[in-house]
Amino acid sequence: MFVTSAYAQTAPAATDPHAAPAGEAHTETGAAHGGGVFPPFDSTHFSSQLLWLVITFGLFYLLMKKVIVPRVGGILEHRHDRIAQDLDEAARLKAEADAAVETYEKELAAARSKGHKIAETAREAAKTKAAADRTAIEAELADKLSAAENRIGEIKAKAFAEVSQIAEDTASAIVDQLIGAKASGDDIKAAVAAAKTEA
Amino acid sequence: MANDPIHQFQISKIVPIEIGGIDFSFTNASLFMVATVACAAGFLYFSTSQRGLIPGRAQSVAEMSYEFIAGMLREGAGSSGMKFFPLVFSLFMFVLTANLLGMFPYFYTITSQIIVTFALAILVIGTVLVYGFYKHGLHFLKLFVPSGVPFLLLFLVVPIELISFLSRPISLSIRLFANMLAGHITLKVFAGFVASLGTMGALGVGGAVLPLIMTVALTGLEFLVAFLQAYVFAVLTCMYLNDAIHPGGH
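Protein chains in written order, with this note's numbering: chain S, 1 to 199; chain U, 1 to 250.
Just so you know, the hints here were simulated from the structure itself, not pulled from any lab data.
Be a bit skeptical, because a hint or two may be false.
[Unchecked claim] Covered stretches of chain U (chain S as the covering partner; in silico rule of three or more C-beta atoms under 8 Å from a C-beta of chain S): (1) 24-36; (2) 82-90.
[Said to hold, decoys possible] Taking lysine to any residue pairs in the SDA-like style, the calculated list, with each CA pair at most 20 Å apart, reads: (3) 188(U) <-> 8(U); (4) 66(S) <-> 63(U); (5) 83(U) <-> 128(S).
Ideal Cβ positions, reconstructed from N, Cα and C, are used throughout, including at glycine.
Taking the hints into account, I'd like the entire structure generated from these sequences.
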């Protein structure tokens with residue numbers, strides 16, 4: 001580097017117009033040492049290179065610093081904020097949904113217990129009503145039964161009473177037929193009574 | 001001329017300008033500096049002009065490069081290094097765009113100019129020095145005195161540290177410059193083989209296939225190098241800035 005730049009200083013500017021043709025001429029021999037200076041080490045262009053690098057890179061740096069970096073940083077920050085905000089929102093909504101589920105379940109349990117209670121009371125009422133109905137019907141039936149029994153007793157007594165009358169009539173008729181004489185009512189009555197007690 | 005691998009680095013004046021006897025001509029290299037800045041700035045400006053909450057493809061690329069450099073700087077120099085973000089981002093985008101533009105045939109590769117890479121390296125080291133002394137005063141010199149080294153060893157360690165610090169701008173500039181220069185020369189040489197073998201009849205055409213394959217492979221490699229060198233330049237910038245922010249070592 002130092003050697004070549006020194007060489008370049010010995011032949012300033014003057015080599016410049018001839019640099020390209022010299023380069024061409026020595027290409028066939030294929031050596032970089034040939035004509036002119038190896039271009040990257042050619043110090044005649046250093047000043048213009050530096051100036052234009054300072055201008056272009058300086059502008060580029062300013063543009064990056066003033067516009068691009070704040071802008072991209074802003075975009076990324078905005079996105080992070082937005083994502084964080086959305087996550088918060090999602091967490092909030094989830095908490096809300098959880099609370100809603102909880103109240104729903106609470107209400108469901110309350111409704112269920114209320115339903116149970118209603119069913120219970122209904123069942124209870126039905127049971128007592130059924131019991132009352134049954135006792136009422138049973139009492140009625142018992143009444144009817146006793147009435148029927150009374151009637152049967154009456155009919156029976158009446159029938160028994162009529163039995164002696166019939167037996168007496170039959171006995172007197174039989175006696176009449178067998179012996180042709182009328183037995184006295186008292187005899188027959190006594191005989192029937194005797195037979196009745198035997199039976 | 002077409003086969004001269006050096007010709008591509010030749011500087012030619014487009015608008016001759018001379019101020020005070022010093023040549024400030026607008027050259028083809030200047031043109032490509034302007035093109036580099038226009039491409040990089042234009043891309044970043046227009047891709048982010050929508051400020052989309054959901055980025056499009058171009059905006060994604062702009063954001064990715066932003067976050068790539070931001071992550072690199074935060075990792076290399078800590079969160080207090082973020083004040084240098086515009087500088088590192090500009091350097092990375094400038095070098096990357098310049099390297100990639102240089103991959104187009106007939107385009108000038110400005111990073112193959114030692115003066116350009118050296119100026120960028122001096123910018124980095126200058127920033128380190130100015131900020132280091134501004135922020136830490138003479139404590140910045142602790143940079144050359146690692147803590148926990150025995151006193152006698154300091155006579156050995158301090159000169160080594162000093163030399164390594166002074167060689168930084170040189171290594172930083174030479175690395176980028178040499179990579180771009182060597183890559184473009186190699187590409188040109190192999191491509192030149194294809195052309196010269198192709199004129200040598202049937203056997204030559206058959207033989208030209210090999211350098212052609214090589215040229216294709218090298219082109220891919222050069223794209224990798226173009227990105228990698230911009231990356232390395234940015235990473236080293238972050239590391240050097242870290243020294244300016246934390247001269248005590250960590």
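Would you pick out the hints that fail for this structure and give their numbers low to high?
-> 5
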